[in-house]
Structures are given as C-alpha cells and as structure tokens.
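Student: Now for the letters of each chain:
There are 2 protein chains.
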Amino acid sequence: MISQHYKEMCATPSVIRSLAVYAAERGKEIGYENVFDYSLGNPSVPVPQAFNDAIRHLLDTKTSAQAHGYSPNPGNPEVRRIVADSLNRRFGMDYKMEHIFMTSAAASAIAHALRCVTAPGDEVLTFAPFFPEYVPYINQSGAVLKVVPADTESFQINFTAFEEMLNPKVQAVLINTPNNPSGIAYSSETLKKLADVLYAKQEEYGHEIFLLSDEPYREIVFAGADAPFVSKFYDNTLCCYSWSKSLSIPGERIGYVAVNPKAKDAEMIVPMCVQISRGIGHNCPASIIQQAVGECIDLTSDLGVYETNMNILYKELTELGFSVVKPGGTFYIFPKALEEDAVAFCEKAKKYDLILVPSDSFGVKGYFRMAYCIDTEKVERSLPALREFVTKEYR
Amino acid sequence: MISQHYKEMCATPSVIRSLAVYAAERGKEIGYENVFDYSLGNPSVPVPQAFNDAIRHLLDTKTSAQAHGYSPNPGNPEVRRIVADSLNRRFGMDYKMEHIFMTSAAASAIAHALRCVTAPGDEVLTFAPFFPEYVPYINQSGAVLKVVPADTESFQINFTAFEEMLNPKVQAVLINTPNNPSGIAYSSETLKKLADVLYAKQEEYGHEIFLLSDEPYREIVFAGADAPFVSKFYDNTLCCYSWSKSLSIPGERIGYVAVNPKAKDAEMIVPMCVQISRGIGHNCPASIIQQAVGECIDLTSDLGVYETNMNILYKELTELGFSVVKPGGTFYIFPKALEEDAVAFCEKAKKYDLILVPSDSFGVKGYFRMAYCIDTEKVERSLPALREFVTKEYR
Chain A
381 MISQHYKEMC ATPSVIRSLA VYAAERGKEI GYENVFDYSL GNPSVPVPQA FNDAIRHLLD
441 TKTSAQAHGY SPNPGNPEVR RIVADSLNRR FGMDYKMEHI FMTSAAASAI AHALRCVTAP
501 GDEVLTFAPF FPEYVPYINQ SGAVLKVVPA DTESFQINFT AFEEMLNPKV QAVLINTPNN
561 PSGIAYSSET LKKLADVLYA KQEEYGHEIF LLSDEPYREI VFAGADAPFV SKFYDNTLCC
621 YSWSKSLSIP GERIGYVAVN PKAKDAEMIV PMCVQISRGI GHNCPASIIQ QAVGECIDLT
681 SDLGVYETNM NILYKELTEL GFSVVKPGGT FYIFPKALEE DAVAFCEKAK KYDLILVPSD
741 SFGVKGYFRM AYCIDTEKVE RSLPALREFV TKEYR
Chain B
381 MISQHYKEMC ATPSVIRSLA VYAAERGKEI GYENVFDYSL GNPSVPVPQA FNDAIRHLLD
441 TKTSAQAHGY SPNPGNPEVR RIVADSLNRR FGMDYKMEHI FMTSAAASAI AHALRCVTAP
501 GDEVLTFAPF FPEYVPYINQ SGAVLKVVPA DTESFQINFT AFEEMLNPKV QAVLINTPNN
561 PSGIAYSSET LKKLADVLYA KQEEYGHEIF LLSDEPYREI VFAGADAPFV SKFYDNTLCC
621 YSWSKSLSIP GERIGYVAVN PKAKDAEMIV PMCVQISRGI GHNCPASIIQ QAVGECIDLT
681 SDLGVYETNM NILYKELTEL GFSVVKPGGT FYIFPKALEE DAVAFCEKAK KYDLILVPSD
741 SFGVKGYFRM AYCIDTEKVE RSLPALREFV TKEYR
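Protein chains in written order, with our numbering: chain A, 381 to 775; chain B, 381 to 775.
Derived from the structure by calculation, the hints contain no laboratory data.
Computed from a prediction, not measured in an experiment: that's the story for all the values here.
Be aware that one or more of the hints could be misleading.
Which copy is meant is left open, because identical chains are indistinguishable; a pair holds if it fits in one copy or across any two.
[Unchecked claim] Mimicking DSSO-like on lysine-lysine, the simulated pairs with C-alpha atoms at most 27 Å apart in a straight line are:
id: 1; residue 1: LYS387; residue 2: LYS526
id: 2; residue 1: LYS476; residue 2: LYS706
id: 3; residue 1: LYS772; residue 2: LYS476
id: 4; residue 1: LYS695; residue 2: LYS549
id: 5; residue 1: LYS573; residue 2: LYS695
id: 6; residue 1: LYS644; residue 2: LYS408
id: 7; residue 1: LYS573; residue 2: LYS642
id: 8; residue 1: LYS745; residue 2: LYS408
id: 9; residue 1: LYS549; residue 2: LYS772
id: 10; residue 1: LYS612; residue 2: LYS642
id: 11; residue 1: LYS642; residue 2: LYS731
id: 12; residue 1: LYS644; residue 2: LYS442
id: 13; residue 1: LYS644; residue 2: LYS706
id: 14; residue 1: LYS442; residue 2: LYS549
id: 15; residue 1: LYS442; residue 2: LYS476
id: 16; residue 1: LYS730; residue 2: LYS549
id: 17; residue 1: LYS573; residue 2: LYS772
id: 18; residue 1: LYS644; residue 2: LYS572
id: 19; residue 1: LYS730; residue 2: LYS642
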C-alpha cells in the first residue's frame with residue numbers, strides 16, 4: 381500500500397524551490413538576465429580544470445575495475461588516506477584513513493553521522509537560522525529536531541536559550557559554520573564556549589553528546605573572519621563535509637564524515653556507517669568521482685567572486701539602512717527585512733524582479749536570505765532595483 | 381551516545397566477504413592466479429569503451445554546471461526520458477519520464493521503492509534463495525522481511541509455501557530475476573502465476589500488494605532462457621534496476637526505479653521517492669555518471685564470457701554427479717553440495733583452493749554458490765581442482 385506519510389509530504393512545496401520556479405517563469409517573460417534571482421545556493425563559478433583533467437587521466441590510465449569497480453564499503457582507501465592527510469596538514473589534526481567515511485555529499489554524511497549517535501526518539505538540537513532540509517534529514521531518521529532560537533545580534537550562538545533546551549534526551553547538536561543562511565562563521569570564542577557547555581553536560585548526563593559539524597562552506601571564508609576548524613574544539617565531533625561548493629560539483633554528490641580520533645569509540649564509527657549504509661541504500665559515492673577529488677584534494681574553484689559580491693551587497697544594503705551582520709563566508713547574506721512580515725517583504729520585492737527568500741523556513745522571522753552565487757555583473761545591475769524597491773515601498 | 385544497534389551489527393561479518401578476504405590472503409601465499417576464487421559477484425569484463433568516451437565527450441562539450449551541477453531531485457530529466465524510451469522500445473511498455481527515478485544503483489532503488497509502499501511493521505516477502513543484503517535493506521527500513529522457502533527442484537517459486545505465508549500484513553513482495561544466487565530466471569509461467577496470486581490477494585485484503593523487482597542481472601540472459609520483463613505481468617510493479625553488471629560499473633552506483641504506469645498512484649511514486657531521499661540522504665546519483673549512462677542506453681559490456689563460463693561449469697558439475705539446475709542468466713551457479721552441511725563442504729573445498737560460498741546465508745541449506753565472473757582460462761584451470769576435491773573427499 382502506498383505510504384501515506386510520504387504521499388502527504390509531497391503536498392508541502394519548498395519555499396526556496398517555489399521561488400526558483402517563479403524566477404525561471406519570470407525569466408521566460410522578460411529574459412532571465414533581467415531577473416535578479418537570489419533564491420538558490422547553486423555554485424556559479426566553474427569547476428577547476430584540474431578536476432576534469434583528473435577524470436580524463438583516470439579514464440586513460442586505470443583499468444576498468446580500478447576506475448569503475450566497487451569501492452570497499454567505507455570508500456576508496458587511497459582517497460580516504462589523502463583526505464586524512466590533508467586535514468592533518470591543514471588543521472593540525474591526527475586523522476587516519478580509518479576515521480574517514482566517504483559519502484554522497486553532506487546530506488549523506490549527516491544521514492550516516494546522525495544514525496551513528498542517535499536512536500529514534502532522541503533529541504537533536506540545532507541553532508536558528510538553519511538549513512531547512514535539517515527537518516526531514518533528522519525527523520525521518522526517527523530522532524527529533526529542536527531548534528534553539530537565534531542570537532539575532534551576531535548570529536553566533538544564543539547560549540542562554542541553548543542551555544535552557546539542553547536535557548538528557550539530547551544526544552547530538554548539529555551546527556553549520558560558515559552558516560547557511562546567515563553567512564556567519566562561528567568564532568573561536570563561540571566554539572570554545574560551545575565545547576565547554578557540552579563537556580559539562582556530558583558529565584552531568586553521564587553520556588556523550590556528539591557535535592555534528594556540517595561544513596560545506598568551509599573553504600568559502602572571507603578576509604578577517606575568524607572561522608576555525610570545529611573539530612579542534614571538541615572531541616566528540618563528527619565533521620560532515622561536501623565538495624559541492626568548494627569544487628563547484630554539487631551534482632557529483634561527494635563528501636565525507638571525518639571522525640575526530642579523540643571521539644568516544646572513534647574506531648567504531650566508520651564501521652557503523654558501513655552498517656547504516658546497508659539500511660539506507662548508499663554503498664559509496666561514485667568511484668571515479670572519489671578518485672578525482674583525491675587528485676584535487678587541496679584545490680578549490682576560484683571562489684573569490686563570492687567575497688566580491690558580498691562586499692558589493694553589504695555596502696549597498698548598509699547604505700540603504702538595512703540592519704545586517706557582515707558575512708564571514710558562504711555565498712549568503714541575511715539582512716533584516718524592512719517590515720515584520722518577511723514573507724510580505726519578499727513578495728513586494730518580486731515587483732522589482734528581486735527574488736529574495738523570506739527567513740521563516742530558516743527558523744527565524746523578519747529576515748531574508750540573498751544567495752549571491754551569481755555573476756558580479758548581475759549583482760551590480762540589481763542595485764538600482766534594490767534601491768527602487770526600498771525607496772518606493774518603505775520611504 | 382553511540383548507537384548500540386549499529387555497533388552490534390559490526391560484530392557479524394559477511395560470509396561472502398570473509399571468504400573473499402581468505403582468498404586474497406591465500407593469494408599472497410600461492411599467487412592469486414592459483415586461487416580459484418568463486419566468492420564475489422564482481423563483474424570481470426571491462427566497461428564498454430563508449431562509456432568512457434561519453435564521459436570525455438561530456439567534459440569536453442558541457443558547461444561546468446551542465447556536467448557537474450545539481451540534478452533536479454528525481455534525476456536528470458533528459459536521462460529519465462532516455463530510460464523511459466528505451467524500456468518502451470525494448471519491452472513494449474508505456475513509461476514516461478515521470479515514472480523514472482534515478483538512484484545510486486539497485487541498493488538505493490530498493491531503499492526508495494520499499495519505503496514508498498511499506499510502513500514500519502509491514503511484512504515483505506521474498507523467495508529463497510535470496511541476496512543476503514535484503515535482510516538489512518528491509519529490516520532497517522522498519523518493515524519485516526519474511527523468506528518463503530525455496531522450490532529446490534527448479535528454483536522457480538514455491539507457490540504452496542508462498543500462499544501459506546501471504547497475509548494482510550504483506551504489503552510488498554521482492555523478487556530477483558535472473559536470480560542471485562541460483563542463476564535462474566523466472567519463466568513467463570511463474571510470473572503469470574505470481575501475478576494471479578497477487579491480484580487475488582489484493583482483492584481479498586482490500587489493499588495493494590506491490591511487487592519490487594530487483595533486476596541488476598536483466599541483461600545477462602543465456603540462450604534458450606525464458607526471462608521476460610517482470611513489469612509486463614503485474615500492474616503494481618516497481619522495477620529496481622542497476623547498470624553495475626550490464627556496463628561493469630558497480631563502483632559508479634547508478635540505477636533507477638521505474639514505476640509501472642498502470643500502478644496505483646503511479647504519478648505519485650517518483651515525488652514520494654524525492655521525499656524519501658531527503659530523509660535517507662541521497663539526492664541523486666552523480667551527474668556525470670547519469671548523463672554517461674544516458675549516452676550508452678542500449679549498450680552493454682561484452683557479457684558473453686559469463687555464458688561461456690556457465691556452460692563449462694555446468695557440464696563439469698553435471699559430469700561429476702552434482703545436482704544442479706542450469707542457470708538462465710547472471711554469473712552464478714548454485715549446485716547441491718555433496719554433503720548435507722554446505723558450510724563443511726565449502727570448508728573442505730578450500731584445501732583445493734576452491735573458494736565456494738555455502739548457501740546458508742541465501743536462505744537455503746545444502747547448496748553452494750559459484751560466482752563465475754572470472755576469466756574463462758581460470759575457470760578451465762579450476763576443473764582439475766574441482767575433480768580432485770570431489771574424488772578425494774566424496775568417492
């Protein structure tokens with residue numbers, strides 16, 4: 381019999397996707413180049429040439445079985461070693477191959493990490509504003525997502541609210557830094573304080589609380605930002621990474637879980653991920669893609685355009701009187717709307733062909749997200765529309 | 381806290397994998413070419429040149445976003461259309477793009493299809509002998525796998541046992557034809573009878589019973605075999621396909637669910653798969669791999685070697701007095717062991733460097749599986765070892 385649960389889920393469309401569809405439709409009327417589409421977080425810079433060259437080289441030099449054969453369940457061993465070595469070199473960690481589990485990007489990394497450290501009914505805390513896909517990611521695993529209200533002053537962590545919500549049922553805390561949608565990176569001070577709270581609560585509750593660190597924007601950090609490596613601060617950290625944004629290959633679905641070697645049962649987590657894979661039908665990301673990222677381990681796309689775009693928008697938004705915290709990374713900015721109802725605000729913006737995402741689905745009201753992973757030329761062309769929108773609607 | 385459930389699962393090693401590890405270890409002692417390793421179902425023929433050429437061509441001609449960007453959630457639309465058209469052309473079906481959901485091979489196809497048509501606690505029936513991974517695939521979704529005893533005369537379906545086990549809690553039946561491990565393809569007569577039983581039981585229970593058809597060996601069918609397309613026989617069929625074996629690309633993790641257009645709520649199933657993806661962390665197979673299989677839709681590797689190997693082994697096994705049903709496809713053969721305890725039989729075979737898999741984990745006792753996806757030359761070299769084993773141990 382058809383599952384009523386999943387059938388009903390189909391009836392709730394994603395706000396972001398609906399806006400992207402609207403932008404595409406509007407583009408058919410006036411030319412997509414005239415729609416200032418800030419809806420989707422889709423990398424706009426090309427893949428590095430070296431990535432495509434790596435695939436060509438693998439096809440030219442490997443046997444069919446080496447290129448396209450089964451990976452062992454935790455992933456290609458050589459690639460796992462390369463990932464561990466790179467993290468150790470860059471962040472002074474002590475990963476071994478045995479701590480790395482290759483996944484189909486961050487969604488899959490979170491799916492595995494989450495099941496390693498929670499059982500159905502356990503609570504997982506995350507901090508607003510947050511990526512809305514965390515709701516199905518977590519609730520469909522059987523755990524229960526609870527959202528800690530935002531610290532809207534800085535978009536760091538609201539520790540007062542956090543400590544109130546901590547309780548013995550909390551088995552994991554999920555963070556995302558640099559953050560979608562705020563663009564903010566958690567500072568060393570924030571991460572130190574977070575670790576202190578978690579260490580104290582582990583002691584108090586008599587069980588581990590795992591920190592799941594979702595890091596797809598780790599390589600997109602702007603000048604002056606304090607954006608340290610999360611796993612340095614807290615032993616029971618599972619780092620969930622994706623190359624989607626750093627190499628502009630979101631469709632290739634490639635990432636990993638890196639288990640902090642100091643975590644409780646660290647040597648068990650990757651074998652547990654293998655068991656979890658069997659139940660949720662993964663069994664490794666694509667072999668040739670694993671090997672190609674291994675060949676490009678310390679490369680990124682030319683990510684500088686995101687900082688350029690951020691600076692243009694931050695300056696303009698500030699001058700227009702928006703209250704906005706300057707992003708430390710990502711390709712998002714998250715200003716306060718000019719009226720309480722962000723949905724109404726974003727609806728009005730459509731009249732000026734500005735596609736902005738209201739903050740409600742990110743777990744905070746009265747803000748909006750702009751995804752500036754678009755050409756700088758288009759960002760600049762959008763400024764007059766932004767000025768006109770603000771002037772006509774709110775002056 | 382670390383999940384005890386998954387931690388405990390790690391303690392149970394796979395019989396097949398343990399044998400493969402033994403074979404590799406033994407290979408280090410005597411040279412792997414001297415180990416007659418029939419343990420693993422890993423394609424031995426190379427990928428078609430056209431597949432690698434398709435990847436090169438995509439890299440040369442597509443933009444970065446076209447090659448490596450996000451697919452829409454159900455998969456690349458053009459590839460879904462190509463899959464539907466190919467199935468229609470080959471099997472006289474009426475699929476549209478909307479009925480095709482791209483997956484990370486058959487494991488992922490089954491993970492999605494299963495969750496579409498069962499809820500936790502529902503029963504899923506499969507027929508012995510069966511692929512042992514069905515146990516975690518199904519039980520970890522919350523549904524409950526029940527195994528119908530084998531018809532060891534023909535390895536078609538034991539309908540008497542099947543009808544006894546059917547009850548209103550059964551929401552899905554999972555079949556695999558051509559079959560791992562028996563190598564048998566279900567005949568038109570079997571599939572017709574299966575459909576008749578299911579239609580009658582749907583009527584009796586007042587709910588649909590879905591047929592999940594796991595078809596990774598669909599393109600490996602031998603001369604004279606009656607191996608029809610399952611979805612022709614029964615409306616509520618979800619076809620779960622993988623290119624792992626047909627194109628020798630098991631590491632690239634690519635397949636699909638094809639929803640019979642006549643199935644109940646056929647137009648809902650793919651959107652439901654999208655929702656399921658969010659919870660289990662999939663979100664499409666790799667973009668470049670999707671597009672490459674689209675370019676090679678009606679190609680296969682040169683699969684003839686499997687039939688050659690089967691004929692050599694079937695002749696030898698029969699001459700040695702084994703009771704064995706001649707395979708209609710796959711790269712497996714499933715003879716009766718020469719003693720009741722198949723585990724003891726396969727243990728003795730190791731003395732002759734024959735690596736055979738006892739049937740116990742496939743849900744039937746007293747048989748063994750040989751995976752003959754190895755070079756024909758090695759199959760021929762294994763025959764004296766097989767003869768010596770039988771003569772010394774059982775004559």
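Student: Look at each hint and say if it fits the structure.
Tutor: Hints and how they fare:
no., hint, in the structure
1, LYS387 with LYS526, "both (24 Å within a copy, 26 Å between copies)"
2, LYS476 with LYS706, "neither (36 Å within a copy, 48 Å between copies)"
3, LYS772 with LYS476, "neither (58 Å within a copy, 48 Å between copies)"
4, LYS695 with LYS549, "neither (44 Å within a copy, 62 Å between copies)"
5, LYS573 with LYS695, "neither (31 Å within a copy, 72 Å between copies)"
6, LYS644 with LYS408, "neither (54 Å within a copy, 35 Å between copies)"
7, LYS573 with LYS642, "within (19 Å within a copy, 58 Å between copies)"
8, LYS745 with LYS408, "neither (31 Å within a copy, 64 Å between copies)"
9, LYS549 with LYS772, "neither (50 Å within a copy, 62 Å between copies)"
10, LYS612 with LYS642, "within (10 Å within a copy, 55 Å between copies)"
11, LYS642 with LYS731, "neither (53 Å within a copy, 44 Å between copies)"
12, LYS644 with LYS442, "neither (38 Å within a copy, 46 Å between copies)"
13, LYS644 with LYS706, "neither (36 Å within a copy, 52 Å between copies)"
14, LYS442 with LYS549, "neither (49 Å within a copy, 49 Å between copies)"
15, LYS442 with LYS476, "within (25 Å within a copy, 37 Å between copies)"
16, LYS730 with LYS549, "neither (43 Å within a copy, 51 Å between copies)"
17, LYS573 with LYS772, "neither (44 Å within a copy, 71 Å between copies)"
18, LYS644 with LYS572, "within (19 Å within a copy, 54 Å between copies)"
19, LYS730 with LYS642, "neither (50 Å within a copy, 41 Å between copies)"
This entry does not satisfy hints 2, 3, 4, 5, 6, 8, 9, 11, 12, 13, 14, 16, 17 and 19, going by the numbered hints stated previously.
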